[in-house]
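Participant: Spelled out from the first residue to the last, the chains are:
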Amino acid sequence: MSGAFDFDVIARTWRYLFFDGMAFTLRLTLFAMAGGIFFGTLLAMMRLSSIKPLAWIAGTYVNTLRSIPLVLVIFWFYFLVPYIGAWVLRSDTPIHVGAFASSLLTFVMFEACYYCEIMRAGIQSIPRGQVSAGYALGLNYWQSMAQIVLPQAFRNMLPVLLTQTIVLFQDVSLVYVLSITDFVGAASKVAERDGRLVEMYSFVAVVYFIACFALSQFVRRLQARIAIVR
Amino acid sequence: MINISGVSKWYGDFQVLTDCSTEVAKGDVVVVCGPSGSGKSTLIKCVNGLEPFQKGTITVDGISVGDPKTDLPKLRARIGMVFQNFELFPHMTVTQNLTLAQIKVLGRSSEEALAKGLALLDRVGLKAHAGKFPGNLSGGQQQRVAIARALCMDPIAMLFDEPTSALDPEMINEVLDVMVQLAQDGMTMMVVTHEMGFARRVADRVIFMDGGCIVEDTTKEAFFGTPRSERAQLFLSKILGH
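Taken in sequence, the protein lines are chains A and B. Going letter by letter, the first sequence gives residues 1 to 230 in this note's numbering. Going letter by letter, the second sequence gives residues 231 to 472 in this note's numbering.
Read the hints as simulated data drawn from the structure, not as lab findings. Cβ atoms here follow ideal geometry from the backbone N, Cα and C, with glycine treated the same way. Some clues are possibly wrong.
Calculated from the model, a selection of chain B residues having no Cβ within reach of chain A, i.e. all distances over 12 Å [stated by the list, open to error]:
1. Asp249
2. Gln332
3. Asp407
4. Val432
5. Leu466
In silico DSS-like links for lysine-lysine, alpha-carbon gap of 30 Å or less [stated by the list, open to error]:
6. Lys52(A) to Lys304(B)
7. Lys285(B) to Lys304(B)
8. Lys256(B) to Lys52(A)
9. Lys334(B) to Lys52(A)
10. Lys304(B) to Lys256(B)
11. Lys346(B) to Lys362(B)
12. Lys334(B) to Lys346(B)
13. Lys256(B) to Lys334(B)
14. Lys299(B) to Lys52(A)
15. Lys357(B) to Lys304(B)
16. Lys450(B) to Lys256(B)
17. Lys346(B) to Lys285(B)
Listing some non-contacts, in silico: residues in chain A with all C-beta distances to chain B over 10 Å [as the list claims (entries may be wrong)]:
18. Asp8
19. Asp20
20. Leu70
21. Arg90
22. Tyr135
23. Leu137
24. Asp171
25. Glu192
26. Phe203
27. Ala205
With the rest of the complex left out, here is chain B:
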């Protein structure tokens, strides 16, 4: 589904990604972890072309992301993305957030978009909040709306960029529960996160990044059993130590 091959990226002279290659098969859940500044968020943003890259290729469902001829908005509409800071549109109600792209991008009628939006809002357990503005919701609720907003587009894959990092601890689980449910329903997911509990529960594979390189790309069992690289061992001992 998602194929990343030999991707390198520079900010000026500074190389943020070095020859990254991996793939995510249909229905797979791949967790990307690593210390901050390791390039994991940058990599996931390359997948839907939010960040340009200078070398290598990324294809999603057979369509090349870096190709200038690709209709990026059209491709992005098929890939859901959830951000660290939710990025709901604060000047719109929850319902408007859910229906905007359905109407403007997919050309659905407002009735159709509303029905879809409310159904997915119900699925993330927030039906009662349809008329509210994002600023009146808690962080966990906002992130669940953001997930529903992405799902409204009927995505073929979902990208999560540290979806729980900006949340208060007591709200992390409500978001993770939604994500676990999604994974169990068979959604193809690429998740940048430090939540190793989530990785243990639903990940098929774990990618460990450090210094812009993919250091480890292996099954969950192998990763939590005996990571081969020293850096991954050190990273795991640091975040699992408490």
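Bound-form chain A, shown alone:
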């Protein structure tokens, strides 16, 4: 039976798998993480705002997007973004949006919801007195947030933020539904071309496992190192 498998296919195509596929996956993961954390933090600040309409908008946004399967959001954005772009630019025809830009936008918007909830917990974990102390020294809201609350919230939540990023790294493979050549997309193209489905998908699974396992070990160590002494 083992004679039926041909793992040589990996040796023949690894350049394509990693330099095209994995490079895209990593790039999308990193940009989506940065954008997601940035907008997620803003959303968290809105949700916790004493200005009720802001809190409501952020809450509705987060709850809506979290109730829709990611795959749907990916499709939805991919087909909608050209029209929104056209509307924004007052153009008559749908604008052309590349697969990378479209999927990046999707992931930033989608992951922002999850990062938002993490940052919200992080901000709420900072004792109210810390903000009072900042205000008492004459800092304004933005200064207190930037200097006192967010650095501590971010540090408290770093392990969870990274864990969410590991999930994001795996979720990025869903762009495969848009026929984008991410790591999974690249592997499936090879798999279908050479008829080596079992080999390729096993290989992909092993790579994901190694990467995610290593990352989660790193997060565990980091957790111990960065704890703030109180």
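Assemble chain B onto chain A, guided by the hints.
Facilitator: Coordinates of chain B only, in the frame set by chain A:
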């Protein structure tokens, strides 16, 4: 310096402050005491606008705290405040704690802020701890850093909200000594505390609060001599009894 007039405050339907009026003259040390839940911490937090109030006026150096047009951060920068739980910023070193607001709020250069911070750290006797994080200091040391942090802003008045209540007994005096020194140097101070020894040593006036009202507002001598209200007598007998 601080003028509180007819201040009332509600949390929903619950009234925490009822028609409180008093003043603190320049250079005066006023001790606010009373049973827990009497509203003394709430009152002192109204003075720099950390707690909003619904009725009455508070002015500090002639500036109205409750006025929506007042630049609160600017006013707060001139009023030092020390908290029960120190509230040093745990992710910053002692030095960073001391210089942050000087740089961000007063616009001082980092050299200037550092020099000021270290001088005041020396004054509270902690010069050797400049590079440490707050978590590595004892409670008493943290509170002394917190006092130095407030003094770095060159405040016109200092508010203390139960500064020794969270401290182990053996650390209370090191903090009180700093406060006594400050009072003797002529700082205008409003101090919420149960430390009657401190009140006896440096207070000019004592305010006794109960149930959200200022029940007694009198000189130290009159307060410790013969408090007029029964509730103040009972309170004193309870905390001086041992």
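Participant: Please settle this one: valine 432(B) was flagged as non-interface, so is its CB more than 12 Å from every CB on chain A?
Facilitator: holds (22 Å)
Participant: Given the hint that lysine 357(B) pairs with lysine 304(B), test it: the Cα-Cα distance must not exceed 30 Å.
Facilitator: holds (29 Å)
Participant: Looking at glutamine 332(B) again, its CB stays over 12 Å from all of chain A?
Facilitator: violated (9 Å)
Participant: Lysine 450(B) and lysine 256(B): Cα distance at most 30 Å?
Facilitator: Holds, at roughly 17 Å.
Participant: Over 10 Å to the closest beta carbon of chain B is the bar; see if alanine 205(A) clears it.
Facilitator: holds (40 Å)
Participant: CA of lysine 346(B) to CA of lysine 285(B), is that 30 Å or under?
Facilitator: The hint is violated at about 39 Å.
Participant: Taken at face value, is the distance from the CA of lysine 304(B) to the CA of lysine 52(A) at most 30 Å?
Facilitator: Between lysine 52(A) and lysine 304(B) the Cα gap is close to 26 Å, so the pair holds against 30 Å.
Participant: Far enough from chain B: is every CB of that chain over 10 Å from the CB of leucine 70(A)?
Facilitator: Correct as stated: the minimum Cβ-Cβ distance to chain B is 34 Å, above 10 Å.
Participant: Lysine 304(B) and lysine 256(B): Cα distance at most 30 Å?
Facilitator: Holds. Lysine 304(B) to lysine 256(B) sits at ~20 Å (cutoff 30 Å).
Participant: Verify that the Cβ of tyrosine 135(A) lies farther than 10 Å from every Cβ atom of chain B, and report whether the claim holds or is violated.
Facilitator: For tyrosine 135(A), whose nearest Cβ neighbour in chain B is about 6 Å away, the distance does not exceed 10 Å, so it is violated.
Participant: Is the claim that aspartate 8(A) lies outside the interface with chain B correct, judged by CB distances over 10 Å?
Facilitator: holds (53 Å)
Participant: At 10 Å, judged by beta carbons, does aspartate 20(A) keep clear of chain B as stated?
Facilitator: Per Cβ check, aspartate 20(A) is outside 10 Å of chain B; nearest 41 Å; holds.
Violated hints for the displayed structure, listed by number in ascending order: 2, 8, 17, 22 and 23.
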